[in-house]
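J.: Using my numbering, the first residue of the sequence shown is number -18, and each one after it goes up by one.
No wet-lab data here; the hints were simulated from the structure. Misleading hints may appear alongside valid ones.
As the list claims (entries may be wrong) - Keeping only pairs whose Cα atoms sit at most 25 angstroms apart, straight-line, the calculated BS3-like set for lysine-lysine is:
hint, residue 1, residue 2
1, Lys143, Lys107
2, Lys106, Lys152
3, Lys83, Lys107
4, Lys61, Lys(-15)
5, Lys159, Lys185
6, Lys107, Lys47
7, Lys61, Lys21
8, Lys45, Lys106
9, Lys21, Lys55
10, Lys83, Lys58
11, Lys159, Lys189
12, Lys195, Lys(-15)
13, Lys152, Lys107
Said to hold, decoys possible - Label-pair ranges, simulated between beta-carbon atoms:
hint, residue 1, residue 2, range
14, Lys47, Asn118, 29 to 37 angstroms
15, Lys107, Ser192, 41 to 49 angstroms
16, Leu24, Ile109, 21 to 29 angstroms
17, Lys106, Lys61, 28 to 36 angstroms
18, Lys47, Ser137, 22 to 30 angstroms
19, Met(-18), Ser4, 14 to 22 angstroms
20, Leu24, Thr217, 38 to 46 angstroms
21, Met(-18), Leu214, 35 to 43 angstroms
22, Asn118, Tyr25, 35 to 43 angstroms
Think of the CB as a built atom: it goes at the ideal place given N, C-alpha and C, for glycine as much as any other residue.
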Amino acid sequence: MEIKILHIFDDLMNLYGEYANVSIMERYLTDLGHKVTVDKLSLYDERDISGYDFYFMGSGTESKQKVALTQLRKHEKALKAACEQGIVMLFSGNSFELLGEKIVDADGKEYQGLGFDRFVSVEGKKRIVGDALAVFNNDVLVGFINKCSKTSGITSPLFRMKMGFGNDQDKGDEGFCKNNCFGTHLTGPILIKNPAMLRMLAEKIVGKVDSVVKYEYMERSYQTTVEALEKRLSETK
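With the hints as extra help, turn the sequences into a complete structure.
T.: This is how it looks when you write it as structure tokens:
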């Protein structure tokens, strides 16, 4: 099976080594036996971005996020169509805020979002930083959060936080999902830190697989991180 991946604005929205989410997905799908092509969409590229099997966009600074939003508008129709068709999409860090109704910066200026849903992200002067433990289906996920915003109005969150700040409150719901479009403030990179999420997204891309690919270094790292964060969490209760 031939799989096409699009990395959106890799030249702008790439804090925290977010490119590794694409790299590990490419490797995983290749190891499953698929032929994988990765294309990159640069900031001022106006080509048609329809027809991909996986779309990814990473995190950026607040100022770069606004630049990305301006340039992403020309691809709004294609991205919304992909979401409605159930194509797998992952927006990590503050890129997922672009999918909402609007973003309000720390000075009160409003930026209209792409409108995948009617949630609103409001930036503040204080950053919210820390490790995260999240519950996803029957799995515990790990990651890191570094943001200055609170997001309200999400009716279909992705995770439930055990440790760390959610969309708008400590240990609350986190992220956004619609069909197979997923958004989360968790970085890490998230697919490197969480083998179960990598496998889940891969199966959504190619369908159910007969065998599971495991990378021992990722599994060990994940287990070590979970144990350390669970221990820290228990000590604070």
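J.: State for each hint whether it applies.
T.: Hints, one by one, checked against the model:
As the CA atoms of Lys143 and Lys107 are separated by approximately 22 angstroms, the hinted pair is consistent with the 25 angstroms bound. Between Lys106 and Lys152, the direct Cα distance comes to roughly 21 angstroms. Compliance with the 25 angstroms bound is thereby established for this hinted pair. Restraint check: the Cα-Cα separation between Lys83 and Lys107 comes to about 20 angstroms, which is no more than 25 angstroms; the hinted pair holds. The suggested pairing of Lys61 with Lys(-15) holds, with an alpha-carbon distance near 18 angstroms, which does not exceed 25 angstroms.
Our distance criterion of 25 angstroms between C-alpha atoms is met by Lys159 and Lys185, whose separation comes to about 13 angstroms. Proximity of Lys107 to Lys47 is assessed by CA-CA distance (about 18 angstroms); at most 25 angstroms being required, the pair is judged to hold. For the proposed pair Lys61 and Lys21, the alpha carbon gap of about 19 angstroms is at most 25 angstroms, so the pair holds. Proximity of Lys45 to Lys106 is assessed by CA-CA distance (about 17 angstroms); at most 25 angstroms being required, the pair is judged to hold.
Proximity of Lys21 to Lys55 is assessed by CA-CA distance (about 16 angstroms); at most 25 angstroms being required, the pair is judged to hold. A C-alpha spacing of about 17 angstroms is found between Lys83 and Lys58, which places the hinted pair at or below 25 angstroms, so the restraint holds. Taken as a hint, the Lys159 and Lys189 pair is honoured in the structure, with Cα atoms around 20 angstroms apart against an allowance of 25 angstroms. A hinted pair counts as satisfied when its Cα atoms are at most 25 angstroms apart, and Lys195 with Lys(-15) qualifies at roughly 22 angstroms.
With a CA separation close to 18 angstroms, the supplied pair Lys152 and Lys107 stays within the 25 angstroms bound. Range check, Lys47 to Asn118: about 33 angstroms between beta-carbon atoms, so the 29 to 37 angstroms window is met. Distance hint check: the CB atoms of Lys107 and Ser192 are about 47 angstroms apart, consistent with the given range 41 to 49 angstroms. The supplied range of 21 to 29 angstroms is met by Leu24 and Ile109, whose beta-carbon atoms lie about 27 angstroms from each other.
Between Lys106 and Lys61 the beta carbons are some 33 angstroms apart, a value that agrees with the proposed interval 28 to 36 angstroms. Separation of Lys47 from Ser137 is about 25 angstroms and conforms to the stated range, judged on CB atoms against 22 to 30 angstroms. Under the hint 14 to 22 angstroms, the C-beta atoms of Met(-18) and Ser4, about 19 angstroms apart, fit the expected range. Take Leu24 and Thr217: their Cβ atoms lie about 42 angstroms apart, and the range 38 to 46 angstroms holds.
The supplied range of 35 to 43 angstroms is met by Met(-18) and Leu214, whose beta-carbon atoms lie about 41 angstroms from each other. Our hint of 35 to 43 angstroms for Asn118 and Tyr25 holds, since their Cβ atoms are close to 39 angstroms apart.
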